[in-house]
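Chains as they are written, first to last, in the numbering used here: chain F, 1 to 437; chain G, 1 to 437; chain Y, 1 to 437.
Note that these hints are calculated values from the structure, not bench results. As the structure is a computational prediction, the values presented were derived from the model and not from experiment. Accuracy of the hints is not assured; some may be wrong.
A pair holds if it fits inside one copy or across any two, identical chains being indistinguishable in the list.
25 Å max Cα-Cα, derived PhoX-like pairs, lysine-lysine [to be verified]:
#, residue 1, residue 2
1, K69, K52
2, K429, K134
3, K134, K384
4, K373, K84
5, K44, K134
6, K69, K373
7, K373, K134
8, K113, K384
9, K113, K79
10, K429, K44
11, K134, K69
12, K429, K373
13, K69, K44
14, K79, K52
15, K84, K69
One letter stands for each residue in the lines below.
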Amino acid sequence: MHIEALADSRSSSELGQQLHLFAADLYPICRSITGNGIRRTLDKIGERISLKISEVPTGTQVFDWTVPKEWNIRDAYVKGASGKRVIDFARSSLHVLNYSMPVHATMPLAMLKPHLFTLPEHPDWVPYRTSYYKEEWGFCLSHNEMLALEEGDYEIFIDSTLEPGHLTYGECFLHGRSSDEVLISSHICHPSLANDNLSGLSVATFLAQLLSERDLRYSYRFLFIPGTIGAITWLARNQQATERIRHGLVLAGVGDAGAFHYKKSRRGDAEIDRVATYVLNEGRGSAEILDFSPYGYDERQYCSPGFNLPVGCLMRSVWGTFPEYHTSADNLDFINPQQLEESLRVCGAIVDILEGNQRYCNLSPFGEPQLGKRGLYRSTGGNKIGVEIDARLWVLNFSDGAHSLLDIAERSGIPFAAIRDAARLLCDKGLLSVAQD
Amino acid sequence: MHIEALADSRSSSELGQQLHLFAADLYPICRSITGNGIRRTLDKIGERISLKISEVPTGTQVFDWTVPKEWNIRDAYVKGASGKRVIDFARSSLHVLNYSMPVHATMPLAMLKPHLFTLPEHPDWVPYRTSYYKEEWGFCLSHNEMLALEEGDYEIFIDSTLEPGHLTYGECFLHGRSSDEVLISSHICHPSLANDNLSGLSVATFLAQLLSERDLRYSYRFLFIPGTIGAITWLARNQQATERIRHGLVLAGVGDAGAFHYKKSRRGDAEIDRVATYVLNEGRGSAEILDFSPYGYDERQYCSPGFNLPVGCLMRSVWGTFPEYHTSADNLDFINPQQLEESLRVCGAIVDILEGNQRYCNLSPFGEPQLGKRGLYRSTGGNKIGVEIDARLWVLNFSDGAHSLLDIAERSGIPFAAIRDAARLLCDKGLLSVAQD
Amino acid sequence: MHIEALADSRSSSELGQQLHLFAADLYPICRSITGNGIRRTLDKIGERISLKISEVPTGTQVFDWTVPKEWNIRDAYVKGASGKRVIDFARSSLHVLNYSMPVHATMPLAMLKPHLFTLPEHPDWVPYRTSYYKEEWGFCLSHNEMLALEEGDYEIFIDSTLEPGHLTYGECFLHGRSSDEVLISSHICHPSLANDNLSGLSVATFLAQLLSERDLRYSYRFLFIPGTIGAITWLARNQQATERIRHGLVLAGVGDAGAFHYKKSRRGDAEIDRVATYVLNEGRGSAEILDFSPYGYDERQYCSPGFNLPVGCLMRSVWGTFPEYHTSADNLDFINPQQLEESLRVCGAIVDILEGNQRYCNLSPFGEPQLGKRGLYRSTGGNKIGVEIDARLWVLNFSDGAHSLLDIAERSGIPFAAIRDAARLLCDKGLLSVAQD
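Isolated chain F, as found in the complex:
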């Protein structure tokens, strides 16, 4: 089970290109926390991996929340006196305040202005704004475009519906040898924003595709859900199932050029925290490990105190820390094939260690076993031993049922793969067995 090796066997640039093409294919769709944009997005994911779609009716109580009305939009514009569209939803899904109620009216600029959202500090970018839980309408546009609007009357049209319907999400479940689960969660509710989070859902889709070809120790559950309300809805409907989650990752913002960031689970010392830290520290020098905080992506929900699941969050640049965040500048140029692919490889390396990180028992624990008679040692004494023999000695000495292979790798400074290979060889030679939990 070497996800990383598997990824290597394809042309690298090809894999990155495919990730970027997939993101590009999804980019124009106007997604929100409910509606047909989500459904179309899940359809495209479902062309690549086996996806179970859930539809949860408006009004359903999910813990402290209620599933909202379903929002759909066909068109939206602001027309000036000349009849020309000065703001046009057809040009970008960002131009409408997400979840705008329907409106059709004519009004002077002064009345329109409170409904316009801009970014004065980046006058050419369009901001991304939402109003899910307060009935409102509005348009987002660049600050320069707004400054160019002349006094006079404007025709306002938002051809949306906000009606009882459903909240939609998708799940891909891969059966492993154990019913213990690894959760991989990506939010899919943002409209035309590339890094946040077409990057995360693309990497998750490809990871699921790669894992579906493998014999797996753990079962894997991939969630493609609307942010916040989607995670809460899934948790409310699967409260029992959360007890099987042993490790989890939220994937978000993994396509940009920033250094990797891993935000630890609320527990702070979960195995996923150690594994992700280990992977990011191995030759990815500028990566940063962040302590848990309750603001962020859907780890907020998985790590709420009632659940406190061992779920961390893998990002490149951190939300809110880069100017392109939640603006039209988070576009397909802001992410690139190579960065997407590297993120997929990091996920693969994390999975690889989770799969292999078992504890073993030395079956010959009194003194060292005689490796020489099994062909596992040098025959002429007096000169140095190599890293292979050293790895065997480390695995034998610390395989007391309490130390995992990652413990041994960290303590010895020997790469995890070499430690795992030593453990397999010693198992084959009858000197080691997997520890029972």
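Assemble chains G and Y onto chain F, guided by the hints.
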């Protein structure tokens, strides 16, 4: 309950002036571990706060110690051949070896000299010396004064009594909602020394005065006691009561210009240790936190292994580390109004956190509760959240009954006051309740 | 029980000279893991300390290993065409591959060469090589000597026997007041190598000699054993006895000029780890403390997971890190009297702390006991206390049955000896008693 805010509401310089005036009023009194100097000092404290005075008879066994004879002194001098007083107790209470037995004799300088104490390294200062447990007599004077003494006979007169009597101490008890206690202890046995410890007893007196106006979570016990023997006597007579002490502070040497020092309790990780560290690290950059050591002030007794109480010690300069320590240079110029007031504010801030540092339970712990519908969130999504919302998320996420508000403040980096305000608001909104112990 | 003091009472240079002379006496003997070289070495140790010799028959199963055939050698050489010995065992025991099977043959240089071992990077040194568990023969020589060998036939003669016999080891047991044991182990299987490990066995021998004159708290077991197979053999025959081992040290490579290194036990926090660290950090600034690793000397066996004994390893330079390691350059000039003696002193200081490092109970734990009435305090108050009084306060405050004297020494920064002296004095005064386990 904002002691600090309360203090702010008075004129700052006025509060400091009052502290200094109170110290100045007490300065001339010749205190010792027993006697009328103590009683007069307690009388003056009792004019400001409600004080219960205890008188413990000479000879009372208190653990390994015995309450000593009571010492009182009216006059003392050394007269030269001319009949002029060359050393005169009336000029400073330091001039007599504290606890000197009565003596009236004439003797040549050579016989007198072994009874004279000076400080050659500070030839103009008078040292403070005591002989509580060995019957002795003597005088303290500046080294230059001693060098000026001519050969010849001197009349020695110490008009003291050392007789069965009492050891006296005072207690101010403030009832809180809980019978759990906070102990504030100051030694009051030093004669005309300003920093050690008129500063500590003045700050303690004013703190008690401020707290007596408040609705308090904890009960507060202020002890005004002779050092060592007084603390041991109080402990011996209140062994059961010590079980109610949850937090404690010894206040000593808090008027000089040095940086703050907090010496941790023997436990090292008591809540008072964390609170005092937090307060001193918040914008008082040069403060130092010291590990416990068994030499020092009365924390020696509270932290003896049989009690091991959570009692630390707040000082500015540390005993024995400044040249003025235990000399006549520790006078009213060595302390000043502003420094006394700052020490009182630090005490207030510590009390403020102790009072507010509770643990809470999130009543909606599965996923985040929907803050928006309660007016606790922004309504337009996509832009940044402020520190108020952030504080609410931190309090909700970590209010699992195990984390205190100080835990949350430290972990989040958000000021304690903002965290406490968030907790109160969330309680008001029905999302949080105080955790039961 | 001051081993260090005892050592001081002899002439320093004399003690170092004796250590070096003893090593020099043993140097020429051709030792191996079995055979008469071991027996002669143990005989010479037995002239200095009481030694029990064990003989374990070839073929005995010891855990995963089997005691090998016994090897003895009388002579070995390679003769050139001229009849001159070009390689001669009589010149150095290193010239023969240790455990070479007997051989007598004539062969051309080309056939001989695969049986010759040299060190091209140090062309004048002879390497030390062994082949214990693969039947083989060979010679070791300097690279320059090999290059000088001319083409032609050579007579090869190794007059060795490899036959059923015994594995031999020696034990010196010193009875202490407790049956709890301290284990000191040195390997004695290397032929003419001075630092590895005539240094270790000499220091161990002298330490046993010094300790045999003392009243001891612990019992001490000194093992003089062949490396690896000897340690495993001893462990297999004394599995029960290992439960009495409270502390242990492997001594190896303690005669060279390098800085001290202490390699911690597998536990990492054993008392021996703390004691050795403390001793090496006290005024031996360049010493280094190493974490446990499963490669090294016989701590590999004592710290195998089935035993996990609290046994560390004291060295100067670490095996394999200096060029002279396992070569003819590890000769009597590579070790010197002063370094051997310093190593013995370090061992003495470690033993000294192990012997004295008890936990005590303060018999007057409520407040401080009144030291003054017992003559343990200054009588005039007001000036500083010295380190002796400070040590008493530290011992009294932390003698709660949980803190050892080493805990107190480390926490206070007061030297262990002063802490121990304070504890003894307080015991004499009835204020302290040894804590029961």
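Just pull the numbers of the violated hints for me, sorted ascending.
Result: hints 4, 5, 10, 14, 15 break, sorted rising.
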